[in-house]
Amino acid sequence: MIKLSRDQFDTIVAHARSGFPNEICGILAGRDGQVEIVHQARNVARTPRTRFSMDPQDILGITDAIDEAGMDLLGFYHSHTHTQAYPSPTDVSDWPAHWYPDALCLICSLMEEDRPQLRAFHIDAAGEIEEADVEIA
Amino acid sequence: MSVEIQVPTVLRPHTGGERVVHVEGDTVSAAIASLESRFPGLRTELLNDDGQVRQFVNIYVNDEDIRYLNRLDTKLADGDRMAILPAVAGGQYRVTDNLEGQAGVR
Ligand SMILES: [Zn+2]
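Chains A and B supply the protein sequences, listed in that same order. In terms of the working numbering, the first sequence opens at residue 785 and continues consecutively. In terms of the working numbering, the second sequence opens at residue 1370 and continues consecutively.
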């Protein structure tokens, strides 16, 4: 379960729309499953329309900031511009469960233009996918 | 020959919490060996059994990805900065799909 405010949800959707047609990505930080900060990161993939690769220096800076704030890294988010909000085979094979066993994989889908979707998944090192609840309040 | 190595949060348990460590080494490979001698166990976090950089690891020298330099043989000079960073990536289609040209259509 991950909890976001309506504003935080809107921030992620706005980020996804602003990056269109490219995929965007970022990190959610907070405490006890409640998001407190939406950190946007740069997508440095060579083919950003269909892939994302989070800027490593952004990861370093953001994870340091999360540590210093005494927060937890709750999840990584990225957008799907043309597919549903479900982890692709690439998402699963590239998922860094080794480093971040507790972080959720959040996907914001713009497939239906008027109905952006945000879903969250736990992906383990073996590639098992389990959906987690996203509460927007 | 001393180089500065930035250690990401996920690996700091290996370095006693240190964010930056200094080691000796004139190549990335030598620096990793010297890291391993100070912090046993760190090498296997970075390299696989074939001695190659793991999929979820990026190593940068002065902000350049060593995959685009000379990989583990990349030379280090006194004062160089090496960063070890976790890789976070994905994509909405299969790796083998080539939809890059069509993806903007909607
Ligand atoms: Zn994806």
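These are computed hints drawn from the structure, not numbers from a lab. All of these numbers come straight from a predicted model, not from anything done at the bench. Any given hint could turn out to be false.
Stated by the list, open to error - Distance windows between CB atoms, simulated:
(1) B:Arg1381 with A:Gly911: 35 to 43 Å
(2) B:Arg1412 with A:Ile920: 37 to 45 Å
(3) A:Arg790 with B:Asp1418: 20 to 28 Å
(4) B:Gly1448 with A:Ile920: 25 to 33 Å
(5) A:Ala916 with B:Val1389: 32 to 40 Å
Even for Gly, the Cβ is constructed at its ideal location relative to N, Cα and C.
So, going through the hints one by one against the coordinates:
no. : hint                                : verdict
1   : B:Arg1381 with A:Gly911: 35 to 43 Å : 27 Å, violated
2   : B:Arg1412 with A:Ile920: 37 to 45 Å : 44 Å, holds
3   : A:Arg790 with B:Asp1418: 20 to 28 Å : 48 Å, violated
4   : B:Gly1448 with A:Ile920: 25 to 33 Å : 49 Å, violated
5   : A:Ala916 with B:Val1389: 32 to 40 Å : 35 Å, holds
Checked against the numbered hints given earlier, this structure breaks hints 1, 3, 4; the rest are met.
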